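Start from the sequences and build out the full structure, keeping to the hints where you can.
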Amino acid sequence: MTTTDARPAAEKAEPLDGENLIVARTWHPWRWVISIVTLVLVAQFVHGLATNAGWDWATFAQYFTAKSVMAALWLTIQLTFWGTLIGFALGIALAAARLSQNPVLQIISWFYIWAFRSIPLIVQLLFWFNIAYLYQTLSLGIPFGPSFFEFNVNSVISGSTAAIIGLALHQAAYSAEIVRAGIISVDQGQLEAAAALGIPKRREFFKIVLPQAMRGILPNAANEVISLFKGTSIVSVMAIAELFYQVQVIYGRSGRVVPMLMVATVWYVILTSLLSVVQFYVERHYAKGALRNVPPTPIQKLRRQLAGIPLSPRGATR
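Each residue of the sequence shown is one higher than the one before, counting from 1 in the UniProt record's numbering.
Simulated from the structure, these hints should not be mistaken for lab results. Predicted model, so just to flag it, every value in this text is computed and none were measured. From the three backbone atoms N, C-alpha and C, an ideal C-beta is built for every residue, glycine too. Please note: incorrect hints may appear among the correct ones.
Stated by the list, open to error - Using C-beta positions, here's what the derived DEER-type ranges look like:
{"hint": "1", "residue 1": "153", "residue 2": "42", "range": "45 to 55 Å"}
{"hint": "2", "residue 1": "304", "residue 2": "65", "range": "31 to 41 Å"}
{"hint": "3", "residue 1": "275", "residue 2": "127", "range": "27 to 37 Å"}
{"hint": "4", "residue 1": "40", "residue 2": "158", "range": "49 to 59 Å"}
{"hint": "5", "residue 1": "51", "residue 2": "177", "range": "28 to 38 Å"}
{"hint": "6", "residue 1": "132", "residue 2": "108", "range": "20 to 30 Å"}
{"hint": "7", "residue 1": "200", "residue 2": "78", "range": "38 to 48 Å"}
{"hint": "8", "residue 1": "285", "residue 2": "61", "range": "32 to 42 Å"}
{"hint": "9", "residue 1": "34", "residue 2": "177", "range": "34 to 44 Å"}
Said to hold, decoys possible - Dumping the calculated EDC-like pairs for lysine to aspartate or glutamate here, alpha-carbon to alpha-carbon at most 20 Å:
{"hint": "10", "residue 1": "301", "residue 2": "283"}
{"hint": "11", "residue 1": "207", "residue 2": "283"}
{"hint": "12", "residue 1": "201", "residue 2": "224"}
{"hint": "13", "residue 1": "207", "residue 2": "224"}
{"hint": "14", "residue 1": "207", "residue 2": "192"}
Here you go:
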């Protein structure tokens, strides 16, 4: 007499011991080939930097932290700071005007953005630098009536002030579109839900709209700040002693063009890298709530790779 085992196949199968399983990694030969070729090219480049006398690293070291270069670097940072601050403040106002229900504000903001995005930055800077040709004095008062305050343009708008005005007004046009795009990217259904719950508009904006809009605003805004920082080199046409202009003055006297250009290059790379680090951590902060796990920091990635732990896909849980 025979009997049949009615247990399911899954129950009859012996459990597998996970510790005895060997998972073989996928072999990627071309990945190693590309890595080796890249390392060879990098090694050749570094060797050229170290052995080519034309780089003149002694002159580079002499002027890298020179007093005139540091003063010019500080002016570059100031131009970036004020251009960013005023530009984004005006950009937020322009974005609000574009999104308002007032047709007059919509038209004015649209025209401003269209005009300042159409005119090259260098033209705008030269225009503000020569504004005294059009207006010798500035006055505040009643239109077509008496003026209460009057200023001489040359005494109010210096070269640095003209540079800040030009950079800020140019930046405002791009900032407005970045802010507007971030706001309209928020799901309309959430706004309808907030209205149904009777949440006041002010609280709705700061608690619902703004945190989600920041995720779309921050990457582009950070890129604009970095572009503005590097774009300050354009104000050298106005004979303003920012970093690039000061470097030009020094190599114009000494004839050491390449090492002085490297001085400017290294300072631009250092400060741009610092801005990129700030951008990463700010974006990481606002990623909370949108992702199950926030992106790992570079140090965390390095530790996992050294430990042989595979990185999880972005947003996945472990």
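*What are the numbers of the hints the structure violates, in ascending order?*
5, 12, 13
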